[in-house]
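Undergrad: Protein chains in written order, with the working numbering: chain A, 204 to 520; chain B, 305 to 748.
None of these hints come from the bench; they were simulated from the model. Some hints here could point you the wrong way.
Stated by the list, open to error - Here are the simulated BS3-like pairs of lysine-lysine, each with C-alpha atoms no more than 30 Å apart in a straight line:
(1) B/K374 x A/K499
(2) B/K461 x A/K447
(3) B/K541 x B/K729
(4) B/K541 x B/K599
(5) B/K374 x A/K480
(6) B/K461 x A/K216
(7) A/K484 x B/K374
(8) A/K494 x B/K461
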Amino acid sequence: MLKSIYNLIAKYKEIATIFIAFIIGFSVSSGLLFYSGKKLVNSLIYLAIVVFIPFIFSTLSLFTLFFKRKKYKLESLKISYIFGIFFSIGAISSLLFLVVTQDLAFGWATTLDIKPSELSNLLDKIAIWKNFCPKCIVDEKLVELSQFTRLGGAITKEQIHNAKELGNWWRYIAMAILFYGVLYRAILLFIAKILQKEKTLKIVSDKNQERIDEFSSEYKNRISLQDLKSREFKAIGYYIDVPKELNSIDESDNLVVVVKSWEPPIMDFFDYLEELKKEYKKITIYLVGLKGKANKSDVDIWLRKLNELNLDYEVAI
Amino acid sequence: MSHPKFVVVGHPNKGKSSIVSTLSLDDSVAISNRPGTTTKARSFKLQKGDKIFYELVDTPGFQRPRKVLKILQEENPSAKERPQKVKEFLDKYCDSDEFRDECELLRPIMDGGGIIYVVDASKPYSPEFESEMEILRYCAKPSIAILNYISEDDYTKEWEEVLGQYFRIIKPFNPLKATFTEHIDLLEALRHAAPMWDSELKDAIKLLKEYRDEQKREIANIITNAIIEILSYKISKSSHLFINEEKLKDEFKEHIKDIENRMFKQIKECLNFKNSNFNIDKRDFDVELFSKESKEIFGLSEDKLTLISTLSSATAGGLIDLSVGGHSFFLGTIIGGAIGYIGAKYGYNELAKIKFLSNNTVQIGPIEDINFGFIILNRAIEYANRLLNRTHAIRYDNETIAINDNSSIKELKKLSSIHKKFREKKYSEDDIQNYKEIILNLLK
């Protein structure tokens, strides 16, 4: 029972992550935006929890992504980015929902000695979208107007008078979530995906190649994949598709026969080779591994059989 | 009706021999990860006395299925004519070198065997297997497909889709990991696949289960006898021949080791492991019987030992209390318990005492260390359980399994009191029966 639930979750982990992240994002944001009319919503807390703290963590993950990715699975990083993206989308949705259905008034408060002009400056620097959406910023006037203190009555007369102005923070907040929560992580997700692809390609082309070179060096007719690629040939697959990395030319006398190394050679295959021999000047057997990984014992079985039959072929692995 | 016979066929290196070995409980089947190990069809019968449960034929893998199918398909035979075509093929090519392997595997099928087609579901499906399945279809015999898992990956789904078009019954079965229940399940599947042998296979399943119980009882016998022999063992020597204590102790220990080895050998033979020269577990069983490690791995912990000893002595003291009608204010129980506690905590460190008897003889034994009975019992149970859960297809050493000591204190106390009786050779037939029952419960 537990196992089947686990399998189900594992199978649909991305969808499950999206769903859960959205709900959490929506709930957290709704909670932070709770506004009874008696005091202002503290926009600094909201920005910190929904945008900037997650932004810092995502940035820290860059280190893992580039330097430690062998240790950590890219897959789990990917899932964490997906979570972040949909958490932010949930947060934006709740923000927009409340903006439409309620009158929100944002303010800010701090114990630190920060002047409205300084905060305004900082917010302006963060607003990398200001050229693209000039309306989505908070100016110094608004920052000054929306500062509040909890001690002795929270809302000033001026603030009540300019209640509509105080709501204007929402555009800034929405843009901050969109840029730092959604787009930034989408870029990271994209990078993670590219790196993951690169990693699987590497298995075929370098690391594994060294290992194979080591254990099959005694085989006399072996050539390296690099040598093979430098030649002109026609490639055909024996019950397998020709890998994309092989550049096959139709009108060549040299033939490369691609075979699955994980299936042991049987006489049917050698009969087939004999037929091909009549048409082609030179035949090279290219052994490919399952999932790009050639297994030593599989390759050994092939090399031993080829040695045994003493056939005049070259083998690339 | 003749006994059920199944021919195990497939591509080379898919674990056919392993399946034959596991199902026939025979570890003499030649197995290797090199394709082409099996070159001739060889038959293995699972039998007890004259009664044959079933027969399995190990065969070489297909080598030229495409060519064979091409020959069979010449003249486009109707479904009815197809088995005849296979017979004709065998007649024509039985001496040819070209189709040697195909003839080896098709002949026992055409001689009346059912088909067990083996694939490795840890590798992807490929259309090259279709010629093999098509040839088997030409034979028109009862058939079943087995999904073996040689490596970690799992391509069950794609295999099932294709095999389903050729075989009515598809069954996953890993010959290296199969439990006894899975073995029985597979026989049940064979019953459905080959209705003509339904009653024979039903009998075989029943007999096999009985056989297994019988083996376990036999193992309990072997272990009990060995433990009685070990715990009551003594060496008496004329004091003229006595050289020194150490030498006598060594002789004593050597003899006990011999008894243990003989017990291991008997268990191995009882479970049909006759040919494999494997280590049941290098790391654990290479631990010398009398070593500290052996005591740590197989013996009871000091706490448990103390508890059992305390309880046993308290019971003895309690009997004294009862005999004086409680007038001792249960001092008997308390003092008995205390003696047992101290005894277990500080005494019994020596395996066996050397005594100089009055009639000019020196005697060593029987074993006094109360833990030793548990050490030898646990070793025996562990050894037997490893073999009971090891298929006959495994050709490598066993992996370490942690000792799972979950016997209750009550049970341990009972064992401890029987051990005492064994040591003193004062056991009854009931004690032996009780002891065997406990062992049977510990065998998995």
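Undergrad: Please list, smallest to largest, the hint numbers that this structure does not respect.
TA: Checked against the structure, the only hint that fails is number 1, while the rest are satisfied.
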